[in-house]
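Quick note, the sequences are listed as chains A and B, same order. Numbered according to the working numbering, the first sequence spans residues 25 to 219. Numbered according to the working numbering, the second sequence spans residues -13 to 335.
Hints are supplied without guarantee of correctness; some may be wrong.
Across the chosen pairs, the derived CB separations fall in these ranges [claimed, not checked]:
1) B/Ala169 to A/Leu168: 29 to 35 Å
2) A/Leu168 to B/Thr160: 51 to 57 Å
3) B/Leu232 to A/Ser121: 31 to 37 Å
4) A/Ser121 to B/Asp247: 39 to 45 Å
5) B/Asp309 to A/Val152: 53 to 59 Å
6) A/Gly175 to B/Ser205: 37 to 43 Å
7) B/Lys142 to A/Pro115: 29 to 35 Å
8) B/Gly27 to A/Asp124: 38 to 44 Å
9) B/Arg227 to A/Ser121: 40 to 46 Å
Away from chain B, derived, C-beta distances all over 10 Å, residues of chain A [to be verified]:
10) His75
11) Gly99
12) Leu126
13) Cys161
14) Ser172
15) His202
16) Arg205
For the record, the hints were derived by calculation from the structure and aren't laboratory data. All values derive from a computational prediction rather than experimental measurement. Backbone N, C-alpha and C fix where the C-beta goes; we use that ideal spot for every residue, glycine too.
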Amino acid sequence: MALTPQVLRPVAGDGRERRRLRRRAGAAARLTGAIGRTSLERAVRAEVASHGTGAVESSLAEAVAAFDAMVLHAGAVPEGATIGAAGYSAPDWIDVSADDVLIAAPDIRGAATSEASMTGSWRTSRPVIEHDRCNRCSWICSTLCPDSAIGVDPDHTPRIDYDHCKGCLICVADCPPHAIRAEPEHRASAEAVSP
Amino acid sequence: MKRVLLTGNGAAAWAARLAEVDYVPAFPITPQTEIIETLAGWFARGEARGRLTTLESEHSMVTAAAAAAATGVRVFTATSSQGLLYAMEMLFAVPGWRAPFVLVNVSRAVATPITLEPDHTDILATRDTGFVQIHCATCQELLDSILIAYRLAEDKRVRVPVIVNQDGFYLSFTREPVDLPDAEAVRRFLPPFDPHGTEFRASKPISQAVAVLGGAPYSYFRYELHRSVMQALPAYEESAREFAVLFGRRHPAVETYRCEDAEIVYFMIGSFATKAKDAIDRQRDSGLKVGLVRPRLLRPYPADALRHALAGKRAVAVIDQKDEGSAFHAPAWCRHRDVRRLRWARGAA
Chain A
25 MALTPQVLRP
35 VAGDGRERRR
45 LRRRAGAAAR
55 LTGAIGRTSL
65 ERAVRAEVAS
75 HGTGAVESSL
85 AEAVAAFDAM
95 VLHAGAVPEG
105 ATIGAAGYSA
115 PDWIDVSADD
125 VLIAAPDIRG
135 AATSEASMTG
145 SWRTSRPVIE
155 HDRCNRCSWI
165 CSTLCPDSAI
175 GVDPDHTPRI
185 DYDHCKGCLI
195 CVADCPPHAI
205 RAEPEHRASA
215 EAVSP
Chain B
-13 MKRVLLTGNG
-3 AAAWAARLAE
7 VDYVPAFPIT
17 PQTEIIETLA
27 GWFARGEARG
37 RLTTLESEHS
47 MVTAAAAAAA
57 TGVRVFTATS
67 SQGLLYAMEM
77 LFAVPGWRAP
87 FVLVNVSRAV
97 ATPITLEPDH
107 TDILATRDTG
117 FVQIHCATCQ
127 ELLDSILIAY
137 RLAEDKRVRV
147 PVIVNQDGFY
157 LSFTREPVDL
167 PDAEAVRRFL
177 PPFDPHGTEF
187 RASKPISQAV
197 AVLGGAPYSY
207 FRYELHRSVM
217 QALPAYEESA
227 REFAVLFGRR
237 HPAVETYRCE
247 DAEIVYFMIG
257 SFATKAKDAI
267 DRQRDSGLKV
277 GLVRPRLLRP
287 YPADALRHAL
297 AGKRAVAVID
307 QKDEGSAFHA
317 PAWCRHRDVR
327 RLRWARGAA
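Same shape as in the complex, but just chain B (with noise of 0.2 Å):
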C-alpha cells in the first residue's frame, strides 16, 4: 500500500486498472475526460493490460460495455451530465441484460445554459435506471467504491451494472491523499468475474435481451431485475464489511454523523455532505443539537437504515442539488422523492 495525491478522476483510474478491466469503450465529455486519457495512456505504454476504444456516442459506449460485459470480460466506462443523458436510453435497457459492469459518472449539471460545473441533475435522472447506485464523498472512497461495485454487480445474486457518483470538480480535479492498495490484496478481495456460464460465445449462439409480449413474460423479467438490485442490499454489507476487514476502511451503506443525540438532521449526499460536518461541528459549538445522515447507496434505496437513522428527530434538512423544475416552490423536504416514500412507507406500516 502506498499513499499518494490523487484527484478524483486520478482515482478512478487507478481503480479500474487494480480492477485489472479487460475492456473500456469511452467518449470524451468534461469533466470525465481524465480518468479515460489515464488508462489510454496506461493501455498504449503497456503499463497495464486492457483494449479501449472510443465510441461515436455515450449511447453506443453504454451498449458496447453491456455487450462485452455478456461475454464475461470485466468492463469499465465512464461519462458526464448531457453523456449520461445521451445514454438513457441504454441505462434503461442494459440493466435487464444481467451483464455487469462498472460506470463512474462525473457529476455535472446540464444544459440550458450549458456549464461545466456540478449539480446531482444528471445523475439522478437515472435514479430508477435499474443500475445499482453509489454516492462518494471523498477520492478514497470514490476508488474504494469502484472495487466494491464490481464484487456487488458481478455477484451471483445481482448481476446488475453498478454507477459509481463523484461531483466534477469537487472530486474530479481535487487532490486528495488516497491510499492506493496492492495489487495482491485487491485480487484477492475481487478475484476475476465468474459468469458462471451465461457469458456468450459465437459457439453457443443467444439472442439477448429478446421482445416478449403478453404482459405476463414481461412483469416476469422486470420482476426479477427489482430482486435482483434489491439483493444488492446484503450483497453490498457483505462486500464493504469484507473490504473493511482486508483494508481497514469503511463505508457502510448510510453514513451517519453526530446523529445519535442529535434533534435535527441533515440529509445529503455525494463530496457535498463533507461540507455539512464542518457545518454540523461549528453549529454543535453554539449549542445546536445537529448531525447528517448520508445515504451512499442510493439504488437500492436502504430504507431500513435510513429509517434507524431519522427515527426521532424532529426535523430532516433535505439539502438537495438537483433541480427539479416545476417543483421548484415546493419545500425541499417533499421535492425530495425518496424521503417523502419513506416518510409515506413508515406510516402505512
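Bound-form chain A, shown alone (with noise of 0.2 Å):
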C-alpha cells in the first residue's frame, strides 16, 4: 500500500495546517501497519528537501511524533480485499440547475480581491534589493514590477511584497545600477521557514 504523496507535500496555507498534515502523514503510515519508520522519514526528506535543512526537520519531527504516537494503532486499517462491480448499485442521480450566468461562470465580483493570495509562494528565486546601491530613483522596478509587488517609501526607498513577489527577476534585469540582485529561493527563505 502506497502512501499518498500529497499528503507528505507541504502546502500553501497558515503554518498551523502544514503542521496538521504532516502529523496526519505520519499517523496514516503507522495506521497501514505497512510503512515502516526509516521509509517514513526517507519520504518526507525527499518531499521537503527543496525547502531548505529548517523544514526537512521540523516536517520530520512533526511526522515522526505522530508516528510513535499511534503504536498502539499500528494496522488499525489493513489492505482491503478485492472489490467487484457485481452487486454495486449506482447512486441516485441529483441534476444540478441550469443558473444563471451571474453564478455560472466562474467570476469574483469584487475589488482587489488578489492581495488575499499569497502568490509569493510561488517564488522559485528571490528578488533582493541592496539598498546602498539604489539611486533612489522612486520608479523604475516598482513602475515595471508586473504584479505591482514593489512599493516606494516617501523618501524614495524601494520595498518589495515578497507576499506577491513571484520571483520573475524583471527588476533585477532592469535597475540600471544593478542594486536588486536574485538569490535562490530555498537558500533566501531558509531561516524563514516556521517549524
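Fit the two chains together into the complex; they arrive one by one in their own frames, and the hints show the way.
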C-alpha cells in the first residue's frame, strides 16, 4: 500500500495547517502497519528537501512524533479485499439546475481580491534590493513589476512585497545601477520557514 | 430587401454590418481575408459604425473578442484553418467566460502539405470546445446563420460564443444571389445585446475566469457550460422559427432532402452537401430511393432530429471531409464519431 504523496507535500496555507498535514502523514503511515519508520523518514526528506534543512527537520519531527504516538493502533487499517462491480448499485442522480450566468461563470465580483492570494509562494528565485547601491530613482523597479509587488517609501526607498512577488526577476534585469540581486528561494527563505 | 450577387465572404461581412457589430478583432489568413478587408473599408469610410483592430495572432484575436464581449458590446471575428488551430487554447477557454460573440470560420485544410483549398479538418477539430457550431451550405444561409447566431449567443439561457462555418472557395469566393434584409427588419429580429448586468465595468471590478481547485467547483462550472450549450437546441429552433416568419427563409437544425421514402441516405455537412442533392435527383431518376440528411447545427448535436430523420433507413452513407489520420482505414460510418454515438445512444435507450 502506497502512502499518498500529497499528504507529505508542503502546501500553501498557514503553519498550523501544514503541521496538521505532517502529523496526519505520520499517523496514517502507522495505521497501515505496512510503512516503517525509516520509509516514512526517507519519504519526508525527499518531499521537503528543496525547502531547506529547517523545513526537513521540522517536518520530520512532526511526522515521526505522530508515527510514534499511534503505536497502539499500528495496522488498524489493513489493506482491503478486492472489490467487484457485482452488487454495486448506482447512486441517485442529482441534477444541477441551469444557473444564471451571474452564478454559472467562474467570476469573482469584488475589488482587490488578489491581495488575499499569497502568490509569493510560487517564487523559486527571490529579488533582494541592496539599498546602498540603489539610486532612489523611485520608479523603475516599482513601475516595471508586473505584479505591483514593489512599493516606494516617501523617501524613495523601494520595498518588495514578498507575499506577492512571484520572482520573475524583471526588476533584477532592469535596475540601472544593478542594485537588485537574485537569490535561490530555498536559500533565501531557509531561515524564514516556520517550524 | 434587395437581391445582390455576393461571395460567401461578402455575405459574412454584410451579416456583421447588419448586426451592427461594435468591435472586430482581426488577423488575416486566406481564404478569410476578404471579410476583414470589406469590414475595414466600411468602417474607414464611415459606411458602418464599428472598430476594427488587427492583433498579432489568432490566439490574441479570440482572447480580444471574448474580452470585448465581456464588456457587453457586440463582437465579430473570422479566421481559417491554421489560424483556427492557433487559437485552439482560447477556443476551449472562452466559452466558460460566458461572453457571447460570433466567429466565422472559412474552412480550409491544414498543413502538411500547405494548401488553400477546403476540407473540414480545421472546423471539426474545434467540435468539442464549447462553442455552438453552425455549418452553412450557401451564401444566403451564411448571412442568415450569422444573424441567427447572434440571437443564439446572446440568449440569456445560452450565453456562449458561436462558430459559423462556410467552406473556403466553394462559398468564400463564389458569388451567389443573396437577399440582403433591410436594416430595420434585422433590428427587429436582433435587438442590441443586453448582457443583463453581467458586463464588466471599470467601476465594478471582476476577476473573470478564475482558477478553482478541489474537483467539485470545476465540475460545477463545466457542467453549467454543458447545460448552457444544450439550451442552444430549443433556443435555435425558436430563433430560426422567428427568422422564417420575418424573412421567409427556413433554416432547421437538420435539413432533409427527399428523405421520407428513402432507403439509403447521404449524411453530409456544408456546401459539399449541395452536390449530393444533384446526385440524389439523378439516382432517383434511375430508380434508387436515396435522400440527404444535413445537420446545420453540429454543436449542440441535434440528436433527436437526427434519430427521427435516420429512423428505418436501410443504410447511411457518411461522406466526411475530415482526415482522421490513423482511423483512415476504418469504414466511413464508424469514422464519423457523432453518427457512431447516435447508434450507441439508440441501442442503450
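Right, here's what the structure says about each hint:
One distance hint, 29 to 35 Å for the beta-carbon pair B/Ala169 and A/Leu168, is violated here, with the actual separation near 48 Å. Between A/Leu168 and B/Thr160 the C-beta distance comes to about 52 Å, which sits within the given range of 51 to 57 Å. Taking the beta carbon of each, B/Leu232 and A/Ser121 are about 32 Å apart, inside 31 to 37 Å as hinted. Under the hint 39 to 45 Å, the C-beta atoms of A/Ser121 and B/Asp247, about 43 Å apart, fit the expected range.
Take B/Asp309 and A/Val152: their Cβ atoms lie about 55 Å apart, and the range 53 to 59 Å holds. Checked against the given bound of 37 to 43 Å, the beta carbons of A/Gly175 and B/Ser205, roughly 40 Å apart, stay inside it. In this structure, B/Lys142 and A/Pro115 meet the distance hint of 29 to 35 Å, their C-beta atoms being roughly 32 Å apart. For B/Gly27 paired with A/Asp124, a C-beta distance near 40 Å keeps the hint of 38 to 44 Å intact.
Distance hint for B/Arg227 and A/Ser121: a CB-CB separation of about 26 Å, inconsistent with the stated range 40 to 46 Å. The claim that A/His75 is not at the interface with chain B holds, since no C-beta of that chain comes within 10 Å of its own (minimum 21 Å). With a least CB separation of 30 Å from chain B, A/Gly99 remains clear of the 10 Å interface cut-off, as annotated. The claim that A/Leu126 is not at the interface with chain B is violated, since a C-beta of that chain comes within 10 Å of its own (minimum 6 Å).
The beta carbon of A/Cys161 is kept farther than 10 Å from every beta carbon of chain B, the shortest such distance being approximately 30 Å. Even its closest Cβ contact with chain B, about 14 Å, leaves A/Ser172 beyond 10 Å, as expected for a residue assigned away from the interface. Chain B leaves A/His202 outside its interface by the beta-carbon criterion, the shortest separation being 32 Å against a cut-off of 10 Å. Consistency note on A/Arg205: stated as away from chain B, and its beta-carbon is indeed over 10 Å from all of that chain's, at 31 Å minimum.
The structure fails to meet hints 1, 9, 12 from the earlier list, while all remaining hints are met.
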